[in-house]
Structures are given as C-alpha cells and as structure tokens.
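Dock chain B against the given chain A, drawing on the hints supplied.
Number of protein chains: 2
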Amino acid sequence: MKKYIAPIAIALAAITPFTSVQAAEKVIKWRLAETWPTNFPIFGDAAKQMVKNVDEMSGGRFKITIDSRNKHKAALGIFDFVKSGQYQMGHSASYYWKGKDINTLFFTTMPLGMITAEQNAWYYYGGGEELARKVYDKHGILSFPGGNTGNQMGGWFKKEINSVDDLKGLKMRIPGFAGEVLAKLGAKPTNIPPGELYTALERNTIDALEWVGPSLDLRMGFHKIAPFYYTGWHEPATELQFMVNKKAFEKLPADLQAILKIAIKEAAFQVTSQSYHESAVNWATMKSEYPNIQVKSFPDSVMAELKKANNELLAEFEARGGITAEIIQSQREYLQKSRVWTDISDKAYLNNL
Amino acid sequence: MKKYIAPIAIALAAITPFTSVQAAEKVIKWRLAETWPTNFPIFGDAAKQMVKNVDEMSGGRFKITIDSRNKHKAALGIFDFVKSGQYQMGHSASYYWKGKDINTLFFTTMPLGMITAEQNAWYYYGGGEELARKVYDKHGILSFPGGNTGNQMGGWFKKEINSVDDLKGLKMRIPGFAGEVLAKLGAKPTNIPPGELYTALERNTIDALEWVGPSLDLRMGFHKIAPFYYTGWHEPATELQFMVNKKAFEKLPADLQAILKIAIKEAAFQVTSQSYHESAVNWATMKSEYPNIQVKSFPDSVMAELKKANNELLAEFEARGGITAEIIQSQREYLQKSRVWTDISDKAYLNNL
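Sequence order for the protein chains is A and B. According to the working numbering, the stretch in the first sequence is residues 1310 to 1662, in order. According to the working numbering, the stretch in the second sequence is residues 1310 to 1662, in order.
Think of the hints as simulated: they come from the structure by calculation, not from any bench. Accuracy of the hints is not assured; some may be wrong.
No copy labels: a pair is met if it fits in one copy or bridges any two.
Stated by the list, open to error - Here are the simulated BS3-like pairs of lysine-lysine, each with C-alpha atoms no more than 25 Å apart in a straight line:
#, residue 1, residue 2
1, K1468, K1357
2, K1372, K1468
3, K1407, K1555
4, K1646, K1596
5, K1605, K1646
6, K1646, K1656
7, K1443, K1605
8, K1570, K1361
9, K1646, K1617
10, K1447, K1560
11, K1497, K1616
12, K1443, K1616
13, K1560, K1361
14, K1372, K1646
15, K1605, K1480
16, K1335, K1407
17, K1357, K1409
Extracted from the complex, chain A is given alone in its bound form (with noise of 0.2 Å):
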C-alpha cells in the first residue's frame, strides 16, 4: 500500500500549497486552564501568545482554548486539572502547589535567593531543569518556566512595619516559602487567587498582602486601602509556570513536541520583558497619580529576623533529605558562585555610575 501511495503524496505536494496538505491533516484540540481570570493583563497575555505561537508555527494542525478561573472557578486547582488529563495544560506557578508536594515550592522563586537572571542560568545551566523534572514526573506532569516577573515588592499593608513585632498575629496573602518564613516570625500567611485578592484585603480577611509589583498591582486597587508599599526581599525573581499532561505531550508528533516547547519558552520570556517595561511605566507615574502610597523598605532590625528565619527554615527543609535537600543544596551552591559574579558586573555597573 505506502509504494502506491509515495508518488501520489509527492505528486501533491508538488502541485497544491503547504497550507492545503495542513489543513488535510487532522487537527489536534487542547485545552489550558489558567489561575488567572479572563484577559489578566501580562501573565493572560503570556498564555495567549503561547497559543498565537502554536497556531502559527503549526499552520493551523495544533490549537489551544484558554479557559479562565471565570470559567472553571478553581484558580488554584490548575495542578490537579493538568494531572488528571482533565485540561492537557495549565498556566499558574509552582509555589501554590506546596500542599500538594512540598518540593514543587522551589521553582517559583525563594526569598532573599536568586535574581531573575542567576535563576535562569540555574535553572537551564546549573541542574535546575533536571530537578523540576523528578520533581514533577512522579505527578505525569510537564513543568515548563512559565514567565519571570522579576523582583517583586514586599506588599501592601494597612499599617507600617516597625519592628518585628508588629508581623506577629498579621494576616498576609503570602504565598511560597516567604509565607512560611513570615510564620516562623508569628505572621499568620495565607494564599488567596488573585481574583479575590481586593475583596479579602477590604473586609479585612487579610491585614496585608503582596502579589506583584507596580506592573500589576496599581490597577488593583490595593492603595486604596493598604497605602503602605515595601520593598522586595521574598520574591526576587518569580516564575511562573506551564504545565503539561505528560501523556497527552507524549502523544503529540515530534515536531509539535518541538513546537509547543518553544512556543512556552517564547511566550514565558515576553513576560520578563512586559513586567519590566510595565512596572518601570507604572513606578515612573506611581507618586503623581497616587500621592497617597507611601513606599517604604523593612527597618534594618526586620530583615535581620528575615535572614534568620529564612536560613533556620532552610536548614530543617533540607533535614528532611531526599530530593528536598538536593534541590536546597544546588539553589545555595548556586546562588554564591552566580552572586560573585552579579556583584563584579550588574550591581558594581549599577553603583559605579
């Protein structure tokens, strides 16, 4: 049968166009579901260029819908959508699945660790990738960087922060190791979808909160009632992530494979960009259109107990061994060797000038 068909598929393609043997070809339907809700400016807009990218390199074999958090109403339930094959995708970020497996907390961003480039170069260069990997495999998920923010600023808080404590008994939308250093130091952490961020804040569900810098935050409205706006220490370089079924990749053909891959990776470093751009717009304006925020930075004494309870934390996750450990061992390792060489070139380039 293929010796009859060869020269008859040949004879095809020599007379019709490209377009027209794709669009010949079955076309392939995926689903994402993303912690966002709908047309979520930056990280709505990383998925959907995803999906742009996916068309368009596929000629139309490959598409993806997007639902919202409007439409499947779990905004955190994105790991268990993509786990069970019920979406073949998801976009969120690994940290809000640490009730779930404790090791997924490390591939978002730590606190007082790397900076969006020293992660990077972790993470594709120096053993990150393959831990994200057996992290993720034994759930037959895919976790791919899904966007880095950058350097996130401390959160908004309706009163001001003076000493240590004054974070005892404080409510806080906090999510990821950050939130279980501030418990350490008595705060009470929680995480809520961002969604719902506005509405905790004003019923006072929440004392304080901190999502994610001037990109995204001022048009959420937190200064309204939290004028309080501190500087980053817990988020210096947040990724967030894409998520695939591993069954449902495994079945894709090779070159869609390829194509999904580098579609994420396409769409995950616009995001780094857009924040960038948009928070560097939005700071630049910030004082004019909203005089009532009054940015501040932890008091000396305050990121001292930081310190502290970040490496005690630190020091008993990585008494537990096992992948825990490695993954605390080669982000620390890390982090010194990358920091030396941040110190002799971006940050003295900074303070030279």
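Just chain B now, kept in the frame of chain A:
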C-alpha cells in the same frame, strides 16, 4: 483539478503519519554565515540551536546550514552577505556595521547605557523593535536580537590605566559607540574579528582589547600577555544579531516564517542564561587557575572623563537629526524611566542583602 485532488489528500492524511506527509513536501534549504570561528562556544551554540529549532519544528521541511568564518573567510562581511542574498541569514552583531550605516550602531549595546533587562524591555515594549526595523528596512534585511551576553568586562590591558593620559594613543580593539568614546579621549580604537584577537595582541598590533567576559575570554588566553582585567562600563547589555534577507523571508510560507522568528528568539534567550552561567563558573575559579590576572576598575577620574566624552558624543550624534536622533532620544528616555525601577528593585535588593 482541485476538486478531484482534495479527497485524495484527506484520504492520505488519514492513513499516513504527519512525517510522511511532510517528507513529501519540498524541503527549503537556507545558508547562514556567522562571524564566529567554527564551533565557537555560546555564540556558535546559538546559531546551532536556532537551526535545530527550525529543523525540529518544521518536521524537517526547513534546513539551514551554517558557514563559519573559517569557511566564508569574511568574519565582518555578514551584513553584505545577507543584504545581497548570498546568504539568506547571518549571525553577528549590529554594531559591526557602523561603517556601512551609522544607525546600526545603537542596537547592540551603548556605553554607560541600559542593562540587559532594561534593554529588552525597551526593544520589545519601548519602541526599539520599530526603530531597528526602520534602520534595516532600507537594506532589505530583517534584524532580530541574537543573544545577550549581559554586562561585559572592560577588557584586557598590557599596562595599568591610572589616568586618562594612559588612554592617549592606546591601540585598542573595541567596537561600537565605546570605540568612538575612547577615540574622543585620544585612544585608537579598531575592530578585529574574534578569531584574530590573540595574534593581534601578541604582535602589538593592539595594546589592549575587550572581548566579552569570563564566559569566553579565559579560553582565548589574553591573560598571558595582558594581565590587567578591567570591570565593565562600555557594554552593559551586548546583544548579538540574527539577520535575515527580507526577500527570502517573504518567500517562506506563513508557518515557516513563524517558526523561524520564534526559533531565533529561543536561541537568543539561551545565550543570556548560558553566558551568565559560564561567567559565574569561570569567575569562581579564575583566581586559582590564573593567579597572574589582576582585576581592576578604572579610577574615578577616568570614569568621569568617559562619561563626559560619552555625553558629548551622544549630543553630537543627536544633532545629526533624523533616525539617529530618534534612536538616541528613545534610548535616553527609556534608560531614565527604567533605571528608576531597576534602582528600587534589583539594585536595592542586592544592596540591602
């Protein structure tokens, strides 16, 4: 004819795997000329990665071969190769073409200018891409960012630089705007392809050179003959360049155009992480492996003169008007705006640790 063929194409698609259909299509073959010697690390890896991306994503329908300078013998002839269509693509750096079109100078990096994160934000969201298009359109070339090395070291010098007088008459390999700045202070800047740098330094054709940083410099052996290694001021965010002949690009079907553009972007993104990694790793062992290297920073008096000359030169170029002024103004405004954000985010974070 079409009515008759369509059902056959559908029938074929149903019983043959994608790869067979694709293999039956005409394979498009392109050639890329790179500035770098064969198997040059990082930079050469980027071109190889781009070619691999295109091959995999197109299912083998689009093949690009790479000619290094060892083959085409014209390391700094890439612009002409691509403009004329002799090669469909090139991998090089935009500031190498300042003698052909002065406005190409601004798209690599600018002395005392934006760092990588700022420059990417400017390029993709602050108007840089549109300006690059204006400059390259008239040459029939599409220019794409080709990988950012990050902050580069200030170079290797045979003699220590103690005052601006030590720059007078200094023969230095330093391309781009930084070369113009040094010329203003009495130095004699020149550009020499990477494959010829060591010999030029050894034979005293030049007294000093800058190449990249610890990621690539150490294996070149410069430290053996020029042991003073200066920190950077002149190339805070060196972006390489992929060039594509516009007519060749326009002949590609839409899916392969998308594949090429996104393949380029992924390969370029990897350069940043790979450079950072190699810099960190090599810097960490540099002092033990090469104890004769003396790391220096230019004295304040020299830095002040460099800044002054840079500002004067920017004003002179701006006075030319047209697109030159447009680019300089766009970069200046964006640097001011984005640097305020850099100062409150990464810089404050690094300085407060």
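Pop the pair K1646 and K1596 into one bin, within, between, both or neither, using alpha-carbon distances up to 25 Å. between (37 Å within a copy, 13 Å between copies)
Check K1447 against K1560 for me: Cα-Cα at most 25 Å, and say if that holds within a copy, between copies, both or neither. within (18 Å within a copy, 45 Å between copies)
If the cut is 25 Å between Cα atoms, do K1605 and K1480 qualify within a copy, between copies, both or neither? Classified as within: same-chain Cα gap 19 Å, cross-chain 49 Å, threshold 25 Å.
Alpha-carbon proximity between K1443 and K1605, which holds within one copy, between copies, both or neither at 25 Å: neither (40 Å within a copy, 43 Å between copies)
For K1407 vs K1555, is the C-alpha pair at or below 25 Å within one copy, between two copies, both, or neither? Intra 20 Å, inter 49 Å, cutoff 25 Å: intra-copy only.
Classify it for me, K1372 with K1468: is the Cα-Cα distance of at most 25 Å met within a copy, between copies, both or neither? neither (48 Å within a copy, 61 Å between copies)
Within a copy, between copies, both or neither: where do K1560 and K1361 come within 25 Å Cα-Cα? both (21 Å within a copy, 21 Å between copies)
Within, between, both or neither: K1646, K1656 at alpha-carbon 25 Å: Classified as both: same-chain Cα gap 15 Å, cross-chain 18 Å, threshold 25 Å.
Measure nothing new, just compare the shortest in-copy and cross-copy C-alpha distances for K1497 and K1616 to 25 Å and report within, between, both or neither. Only inside one copy: K1497 and K1616 sit 18 Å apart there, 50 Å across copies, limit 25 Å.
Measure nothing new, just compare the shortest in-copy and cross-copy C-alpha distances for K1605 and K1646 to 25 Å and report within, between, both or neither. between (30 Å within a copy, 20 Å between copies)
With identical chains treated as interchangeable, where does the CA-CA distance between K1357 and K1409 reach 25 Å or less: within a copy, between copies, both, or neither? neither (27 Å within a copy, 39 Å between copies)
Pop the pair K1646 and K1617 into one bin, within, between, both or neither, using alpha-carbon distances up to 25 Å. within (21 Å within a copy, 35 Å between copies)
Of the numbered hints given earlier, the model fails hints 1, 2, 7, 12, 14, 16, 17; all others are met.
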